[in-house]
Amino acid sequence: MPDNKELSKTEKEKSVSGRTGKRAGKDADIVPVCQKNDELILDIEDLGTEGEGIGKIQGYTLFVKDALVGDKVRVKIMKTKKSYAYAKLLEIIEPSEWRTEPACPVARQCGGCQLQHCTYEKQLEWKRKKINDCLKRIGGFENIEAEPVIGMEEPYYYRNKAQFPVGYSKDGSIITGFYAGRTHNIIPFKHCLLQHPCNSRILGIITRFLDENNIPAYNEATHKGIVRHIITRTAQATGEVMVCLVINADKLPATDKLVQMLLESDITEDKGTKESKEKPFIKSICININKENTNVILGEKTEVIYGTPYITDYIGNIQYHISPVSFYQVNHSQTEKLYNKVMEFADLKGNEVVWDLYCGIGTISLFLAQKAAKVCGVEIVPQAVEDAKANALLNNLDNVEFFSGAAEEVVSLQYEKSNSRLKADVVTLDPPRKGCDEKLLQTVADMQPARIVYVSCDPATLARDLKYLCGKGYMVEKVQPVDMFCQSYHIECVVKMQKKYI
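Read in order, the letters of the sequence shown are residues 1091 to 1592 in this note's numbering.
A hint or two may mislead.
Label-pair ranges, simulated between beta-carbon atoms [stated by the list, open to error]:
| hint | residue 1 | residue 2 | range |
| --- | --- | --- | --- |
| 1 | 1508 | 1561 | 38 to 44 Å |
| 2 | 1489 | 1511 | 15 to 21 Å |
| 3 | 1568 | 1343 | 51 to 57 Å |
| 4 | 1183 | 1590 | 20 to 26 Å |
| 5 | 1302 | 1196 | 37 to 43 Å |
| 6 | 1262 | 1371 | 30 to 36 Å |
| 7 | 1196 | 1371 | 24 to 30 Å |
| 8 | 1168 | 1230 | 33 to 39 Å |
These are computed hints drawn from the structure, not numbers from a lab. For glycine and all other residues, C-beta sits at the position ideal for the given N, C-alpha and C.
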């Protein structure tokens, strides 16, 4: 049991355990057993959905960022609710057996890595548990468990896309880095252990360029200044690198100098990974114009100031053109493992019609088109559909057709037009975090595919949608997690569903 002793430095003694329990009555509210600014000793018993530590005092739950299951910690209460509170980690009294020293010096301040203080083995174990908890609690699946998570041999330097905000330090110097968790305060740091190592050199070059040419960084509060973000994309298979500056103006001054500085500098660093295949080189430099007073990073207009409007990467034998706005999985090596699982679960023999819903730039569609008779992809973003069509031509695949629009609308319309005869042997779903629209799930069930392959980045909405489809005549055969986002609480999952035959 946790020690409920209060450790506040004030001399006033308060009995935390005295503020206990529930008010009388059947529907009584829980009275918090602690108050804001209380300091307590707490045993961490579990992890929350975003990797935060969970401890309890007399049934009252405390969420503690950066705490780990197995830790005994001293915490300060920051915010209280009726049945739970948020607390700040002050001291680790007894560390968990799974606690490890974060490799990144700003891991705790930065919002990108929520689990770097946890051994990688335990991260994978917890992510599997997170999926299983959702399957049981939300989906009602008592006899289905996820397979062990497919992890990485080296869970660092895997991200092929980075978005760095640009701002000022307290002394007025231009800085780049990442936002602190749940804020827009920039943590000035150039070498991120999740990003491609070449980004460190690129950021150094661009900040020097801005200083030398007196180009101001953007200020969110005043909506003044020019450079808002620096975006980089890297192609693991080819080594091609894209650099894109997002600006609050119609033009960026001295673009010729920027191009010259980037091209004349060696962006290669000694730090690399076993996943890197080619030495990085700059293939594309772009300017994206975003003059809106918004938190949305990219504007609608992009201009190329050097090279091509895209970089090229491969997943397996399929090549893809990737623009600044393209959705493309951030972890190349794990994406290949994920897509191979999608192909395995689709179990294509060569004569199937596949509908790939939420298809993006056609990554899964084209992968499956290698073995399917016909693939129909649906995507709501028009530019992504155009990219998907171009990628199909790039790979000489003529058995793919793409539709622009919301999946729930497009598929329903096509189904109605066919007088309910629209064929689908296999349906693949790769929705955003919110999961699938119920109307779409109903239409998918009406099409009666033999198999459904569901790719999800959110275990909760996945469990909800699987429950719905199981109520429409399908059963879950296999749940395979893939760790696409090492050191974070996110987890990708691919599920094979089979139609029940009576």
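Hint check results:
no.: 1; hint: 1508 x 1561: 38 to 44 Å; verdict: violated (24 Å)
no.: 2; hint: 1489 x 1511: 15 to 21 Å; verdict: holds (20 Å)
no.: 3; hint: 1568 x 1343: 51 to 57 Å; verdict: holds (55 Å)
no.: 4; hint: 1183 x 1590: 20 to 26 Å; verdict: violated (53 Å)
no.: 5; hint: 1302 x 1196: 37 to 43 Å; verdict: violated (27 Å)
no.: 6; hint: 1262 x 1371: 30 to 36 Å; verdict: holds (34 Å)
no.: 7; hint: 1196 x 1371: 24 to 30 Å; verdict: holds (29 Å)
no.: 8; hint: 1168 x 1230: 33 to 39 Å; verdict: holds (35 Å)
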